[in-house]
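Chemist: Just so you know, the protein sequences line up as chains V and W, in that order.
With my numbering applied, the first sequence closes on residue 278, and no number is skipped along the way.
With my numbering applied, the second sequence closes on residue 278, and no number is skipped along the way.
FYI, nobody ran anything at the bench for these hints, they're computed from the structure.
Wrong hints could be hidden among the right ones.
Pairs of lysine to aspartate or glutamate residues, derived as EDC-like cross-links and limited to a Cα-Cα distance of at most 20 angstroms, are as follows [claimed, not checked]:
| # | chain 1 | residue 1 | chain 2 | residue 2 |
| --- | --- | --- | --- | --- |
| 1 | W | 267 | V | 122 |
| 2 | V | 267 | W | 145 |
| 3 | V | 90 | V | 70 |
| 4 | V | 176 | V | 220 |
| 5 | W | 267 | V | 117 |
| 6 | W | 53 | W | 43 |
| 7 | V | 267 | W | 122 |
| 8 | W | 53 | W | 29 |
| 9 | V | 155 | V | 180 |
| 10 | V | 267 | W | 117 |
| 11 | W | 267 | V | 145 |
Label pairs and their calculated CB-CB ranges [claimed, not checked]:
| # | chain 1 | residue 1 | chain 2 | residue 2 | range |
| --- | --- | --- | --- | --- | --- |
| 12 | V | 24 | W | 24 | 40 to 48 angstroms |
| 13 | W | 118 | V | 45 | 55 to 63 angstroms |
| 14 | W | 235 | V | 176 | 26 to 34 angstroms |
No residue lacks a Cβ here, since even glycine has one placed at the ideal position from N, Cα and C.
Chain by chain, the residues run as shown.
2 protein chains.
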Amino acid sequence: MNHMDRQIRVAILGCGTIGSELATFIDSDECQQAQVSALYDLDQSRSISLRNKLLSNPRVTESIEEILLDADVSLVIEAAGPDAIQSYSKDIVLAGKHLMVMSVGGLLHGDIYAELDSIASESGSQIFVPSGAVGGIDAIKACRDQLDVVILTTKKHPDTILDISVGNIKKDSDRKYPREIFYGTALDAVKRFPFNINVAATISLAGIGPIRTMVKIVADPQVSGNVHEIYASGSSGIMRFTMENIPHPENPRTSYMAILAAIETMKHSSGRGIRIGT
Amino acid sequence: MNHMDRQIRVAILGCGTIGSELATFIDSDECQQAQVSALYDLDQSRSISLRNKLLSNPRVTESIEEILLDADVSLVIEAAGPDAIQSYSKDIVLAGKHLMVMSVGGLLHGDIYAELDSIASESGSQIFVPSGAVGGIDAIKACRDQLDVVILTTKKHPDTILDISVGNIKKDSDRKYPREIFYGTALDAVKRFPFNINVAATISLAGIGPIRTMVKIVADPQVSGNVHEIYASGSSGIMRFTMENIPHPENPRTSYMAILAAIETMKHSSGRGIRIGT
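Could you put together the complete structure from these sequences and hints?
Modeler: Here it is as structure tokens:
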């Protein structure tokens with residue numbers, strides 16, 4: 001029940017849509033408690049382009065190791081994709097940094113979630129998983145032990161779905177839409193749609209786990225943004241949460257809301273005063 | 001971004017259904033980080049009865065002032081009603097204690113919310129307002145600046161509604177049900193239904209405020225628990241959250257879920273490791 005220092009030095013891993021938006025927020029007047037201190041992207045031209053838009057003139061690093069060794073960095077925001085979580089999240093926490101995870105699907109692979117939780121519990125580092133593009137994570141985690149059923153139905157435009165088992169789901173005039181293209185566990189959903197279904201990972205980690213949480217994905221050309229419907233039931237009652245999110249203008253796979261949720265999580269992790277919500 | 005001490009000493013204000021449930025959880029093996037240190041209730045027999053059920057043998061106090069002066073107490077859980085918030089919340093925070101607010105409606109009176117936020121920001125005390133009997137507070141607070149409309153519709157059995165302007169809304173065979181008995185701002189809802197509509201206060205504080213958040217209350221004898229429906233829309237999209245909560249067996253005005261949300265908030269405020277949700 002305490003706070004990060006007033007001035008949190010943040011490193012951003014991944015300078016795509018999400019990383020850039022978060023860096024820009026931290027760089028703004030609205031965010032007094034933090035500043036962007038370092039940037040990393042596999043494609044260094046993206047880090048440089050982002051640096052040139054920021055007032056705080058962060059360091060562009062050539063490797064993640066440079067960030068791990070930088071004693072000045074206290075929080076690492078991962079916006080680099082699920083592979084980065086698998087490769088670097090433990091090192092980040094072992095290096096004594098706090099971590100915010102955007103590619104939540106990466107936490108479902110192997111034992112990484114339990115290992116990270118344990119390392120962070122020992123070290124005092126904190127790991128933040130924002131609610132992302134859905135609401136109701138608060139209720140799902142509060143009622144976790146009472147829930148029997150959690151089902152996520154996600155509807156997306158076929159052009160924005162990337163199924164790694166078959167490639168892009170292109171709109172195909174021979175096909176009938178809307179069409180259910182997947183029904184299975186959150187664990188399997190994250191494996192097949194690693195760039196689409198972070199919310200499935202977040203819901204399963206908050207609730208009854210990646211094997212018991214079921215996911216249905218519907219390709220629907222009538223949907224312009226992302227539609228997420230959560231149904232959960234158990235001895236505490238029944239919940240239904242529906243979100244129709246506006247897509248991010250620069251990357252239609254990303255909900256604007258996922259970025260807003262990460263910003264709100266940052267505000268609370270570094271802020272003082274009244275904290276609303278579970 | 002740090003934690004309360006491993007052993008948080010908790011004082012409970014109000015030993016009714018909610019205070020007793022929370023004390024029992026803190027007293028259990030499941031809660032390693034906290035222990036119940038003091039109890040207060042206007043009706044001292046309730047404090048004594050609760051103490052006798054707890055292993056930690058907390059002190060039964062005769063006044064709230066005794067708790068304020070007790071340097072051992074680091075967290076005060078208010079479960080005593082909106083009047084206690086108005087009368088004592090500032091003193092609690094000024095005394096350097098953390099505060100968890102269950103009677104959230106009490107925060108809507110006068111300037112108390114802004115004052116508390118300011119005192120807590122200065123002192124480093126934290127004030128927790130759990131999500132209560134609804135889900136989606138996470139999304140509402142993340143999208144706060146993008147939302148134009150937030151409407152809560154609450155359906156309750158007539159026997160569980162206490163309208164202080166007319167007394168209990170008894171089931172009346174001359175009346176047609178379901179019947180809308182209130183439509184107005186969250187601020188007015190909290191004034192007329194102080195024991196029913198904490199969720200309206202929580203939603204309004206998380207979102208667009210108690211004057212712009214609208215509340216509809218429907219008396220419906222077909223409803224056994226509480227049904228809360230939230231509709232919110234704006235430039236980030238449209239959200240709909242529906243909760244059908246099982247009522248608490250000992251107090252049908254209380255949703256079991258409100259207690260679960262408070263327990264989850266406690267776990268996170270005192271815990272370490274991975275934190276899921278905004």
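Chemist: Each of the hints needs a verdict: does it hold here or not?
Modeler: Verification of the hints:
1. Taking the CA atoms of residue 267 of chain W and residue 122 of chain V, the gap is about 16 angstroms. The hint holds against a cut of 20 angstroms.
2. A distance of roughly 14 angstroms separates the Cα atoms of residue 267 of chain V and residue 145 of chain W; the hinted pair therefore holds under the 20 angstroms criterion.
3. Taken as a hint, the residue 90 of chain V and residue 70 of chain V pair is honoured in the structure, with Cα atoms around 16 angstroms apart against an allowance of 20 angstroms.
4. Proposed proximity of residue 176 of chain V and residue 220 of chain V is supported: the alpha carbons are some 9 angstroms apart, at most 20 angstroms.
5. About 14 angstroms separates the Cα atoms of residue 267 of chain W and residue 117 of chain V, which keeps this hinted pair within 20 angstroms; it holds.
6. Distance restraint check for residue 53 of chain W and residue 43 of chain W: the Cα-Cα separation of roughly 17 angstroms lies within the 20 angstroms cut-off, and the hinted pair is therefore satisfied.
7. Only pairs whose Cα atoms come within 20 angstroms are accepted, and residue 267 of chain V paired with residue 122 of chain W is accepted, the gap being roughly 16 angstroms.
8. Straight-line distance between C-alpha atoms of residue 53 of chain W and residue 29 of chain W comes to about 14 angstroms, which keeps the hinted pair within the 20 angstroms bound.
9. Restraint check for residue 155 of chain V and residue 180 of chain V: satisfied, since their Cα atoms lie roughly 9 angstroms apart, inside the 20 angstroms limit.
10. Simply put, residue 267 of chain V and residue 117 of chain W have alpha-carbon atoms about 14 angstroms apart, close enough for the 20 angstroms limit, and the pair holds.
11. For a cut-off of 20 angstroms, the pair hint linking residue 267 of chain W to residue 145 of chain V stands: about 14 angstroms separates their Cα positions.
12. In this structure the hint that residue 24 of chain V and residue 24 of chain W lie 40 to 48 angstroms apart at CB holds, the actual value being about 47 angstroms.
13. Separation of residue 118 of chain W from residue 45 of chain V is about 45 angstroms and departs from the stated range, judged on CB atoms against 55 to 63 angstroms.
14. In this structure the supplied range 26 to 34 angstroms holds for residue 235 of chain W paired with residue 176 of chain V, their Cβ-Cβ distance being about 33 angstroms.
In the structure shown, a violation is registered for the earlier hint numbered 13 alone.
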